[in-house]
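Asker: Sequence:
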Amino acid sequence: MPKATARHILVDSEEKCNDLKKQLDDGADFGILAEEHSLCPSGRSGGSLGEFSQGQMVPEFDEAVFSGELNKVQGPIKTQFGYHLLEVTDRSD
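Counting in UniProt numbering, the sequence shown runs from 1 upward without gaps.
For the record, the hints were derived by calculation from the structure and aren't laboratory data. Be a bit skeptical, because a hint or two may be false.
[What the hints assert, rightly or not] Calculated cross-link-like contacts (lysine-lysine; reagent style PhoX-like; alpha-carbon spacing at most 25 Å):
no., residue 1, residue 2
1, K72, K16
2, K22, K78
3, K72, K3
4, K78, K16
5, K21, K72
6, K3, K78
7, K72, K22
8, K21, K78
All values derive from a computational prediction rather than experimental measurement.
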């Protein structure tokens, strides 16, 4: 079963998500932005979600994790929880 390691930033609006993505594009540190802005408890650890298997996350998030480029920030990704910025740091089949 495919597995991935990823980190994310969860916020409550698309506007805030786009603003954070621009900051990342301009060189901001993902982990620091996650600690400062993420609504998910993972924010305390720089947004790290650790390793998980395909199918463990909500469908929109899962699809982005297992189809997107490695080490490239994706988003905004809208789920029932809010808007995510996502970076997949490792993936295996």
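Asker: Each hint: holds or not?
Answerer: For each hint, the structure was consulted:
no. : hint      : verdict
1   : K72 - K16 : 19 Å, holds
2   : K22 - K78 : 17 Å, holds
3   : K72 - K3  : 17 Å, holds
4   : K78 - K16 : 12 Å, holds
5   : K21 - K72 : 11 Å, holds
6   : K3 - K78  : 22 Å, holds
7   : K72 - K22 : 13 Å, holds
8   : K21 - K78 : 14 Å, holds
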